[in-house]
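With these hints in hand, go ahead and build the complete structure from the sequences.
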Amino acid sequence: MSCDTGIRIEGLLKRFGERTILDRINLDIAPGERIVIIGPSGTGKSTLLRCLAFLDRPDAGLIGVGDLEVEASKASRREILALRRRTAFVFQNYALFANKTARQNITEALTVVKRMSQADADARADAILAEIGLADRGDAYPAALSGGQQQRVGIGRAMALEAELMLVDEPTSALDPEWVGEVLDLLRRVAAHQTMLIVTHEMQFAREIADRILFMDGGRIVEEGPPAAIFERPQDARLQTFLRRVG
Amino acid sequence: MVVDLEYMASLVPVILRYVPLTLGMAIISMAIALVLAAALAIVRVLRVPVADRIVAVYISFFRGTPLLVQLFLFYYGLPQLLPAARSIDGVTAAVIGLTLHFSAYMAESIRGAILGIDRSQWEAGASVGMTELQLMRRIILPQAARVAAPTLLNYFIDLIKSTSLAFTLGVTEMMGAAQKEAAGSFRYLEAFLVVALIYWAIVEALSFVQRRMEVRLARAFVR
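The listed protein sequences correspond, in order, to chains A and B. The first sequence begins at 0 in numbering that gives the first Met the number 0 and counts up one residue at a time. The second sequence begins at 0 in numbering that gives the first Met the number 0 and counts up one residue at a time.
Calculated from the structure, these hints are not laboratory results. Glycine included, every Cβ here is placed at the ideal spot set by N, Cα and C. One thing to keep in mind: the hints can contain errors.
Claimed, not checked - What follows is a list of derived Cβ distance ranges for each label pair:
hint, chain 1, residue 1, chain 2, residue 2, range
1, A, A173, B, A200, 29 to 39 Å
2, A, S116, B, L216, 47 to 57 Å
3, B, L216, A, D138, 14 to 24 Å
4, A, G217, B, D157, 34 to 44 Å
5, A, D135, B, V214, 50 to 60 Å
6, A, G41, B, T130, 26 to 36 Å
7, A, E17, B, V47, 24 to 34 Å
8, A, A126, B, L114, 43 to 53 Å
Structure, rendered in structure tokens:
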């Protein structure tokens, strides 16, 4: 394929020892598309996201983002860096830089990676802090923020990168129930103008936000389609069982 | 009276004159050793090919042999190998020896501190596209420094006391001065007691700074 917009994943394979976690995944993502991955625990959903940013190294397959194509089995340091600079990641455990304030967490990559001036980065960070509802907490260190606030900074940090693809890995799984709503609200707003691949167990949220839902089981995409089809007319027996269980 | 307190008191100003030399050697050695140790630790953590093996041997050697032997190697042995080192003076040899010796110990504690930093910090840095060195310098090392600071200050205290070994290279520092005074008066107990008390006072002052620093370092991370 030679289209140079969107994201292409071909034959993505990941093994941990004898176990196959990702079993030659194929997936195309159109620019602006929002895809939600659902499925039982341990079926490779998070591993798929982590492999796309090379946080886990895939064993084989091809990852294409825009005009960049990376062959997983022989990816060089430079290619991995280039790929990471086109993606952004939101972590389940927030993973904010512990030695940086909320504002610095957002500006860090802008000044260090994107070589933006400190003044420009600060201006951008202030706009984002306002957008994530933390305009008055810019100077707070992560340890001084609630779980919900930390995850909003984590999303803000990813927003600042203006990446071609935002990977969001179970953004509310580590949160106390009281903070889940504010994080999902923010993600809904971000999704309006951002290509996203989201792993979540929040089915209502998935249904609202997704253009397409992927159901994964055993390292494969078992079924995919628009939310209405997936939730109202599930075909595969495993998907039916899964939906009954979480329903 | 067994101990001549009056004589001791008269010795204090004499010995104190050598405190700047002692602290000078210690501070210069510490400063260079810190930079060197950080570099050595990074090479080990990132497993830089070849360099990693060399650094492992370096650390093993300087931790595995006595400081006194190392100082003698630099002062008496090096000129035999390198004619240019023939003019090396005792202070320089002591600073080189102390620097290399303590850099090996400090590299290991910095490495330990780096390895103790949560994996999420590395992943976060990688995910925004930082190189390993950017990540190390801006995210990992500052956090590791906080963890390693108490240990590193302990090494500094040890280093200050170890400067007394420069005496064996013919350097007249506090110990050398005391030896000279005692040689004239035959009052060895008093002379060395004064040296001991001055070292003790310096170390106590540093321990006070150390406690204050630990409180400060922790501040950024509390609510």
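Cβ separation of S116 of chain A and L216 of chain B, checked against the hinted range 47 to 57 Å | 30 Å, violated
Whether the CB-CB distance between A173 of chain A and A200 of chain B falls inside 29 to 39 Å = Distance hint for A173 of chain A, A200 of chain B is violated at roughly 51 Å.
Okay, G217 of chain A versus D157 of chain B on CB: inside 34 to 44 Å?
-> 57 Å, violated
Beta-carbon spacing of D135 of chain A to V214 of chain B - inside the hinted bounds 50 to 60 Å or not | 27 Å, violated
For L216 of chain B and D138 of chain A, compare the CB-CB distance with the range 14 to 24 Å and indicate the outcome.
-> For L216 of chain B and D138 of chain A the Cβ distance comes to about 18 Å; the hint holds.
With 26 to 36 Å as the target window, see if G41 of chain A and T130 of chain B comply at their CB atoms.
-> Distance hint for G41 of chain A, T130 of chain B holds at roughly 32 Å.
Look at the Cβ atoms of A126 of chain A and L114 of chain B and judge whether their distance stays inside 43 to 53 Å.
-> 37 Å, violated
Starting from the range 24 to 34 Å, see whether the pair E17 of chain A and V47 of chain B falls in it by beta-carbon distance.
-> 31 Å, holds
Of the numbered hints given earlier, the model fails hints 1, 2, 4, 5, 8; all others are met.
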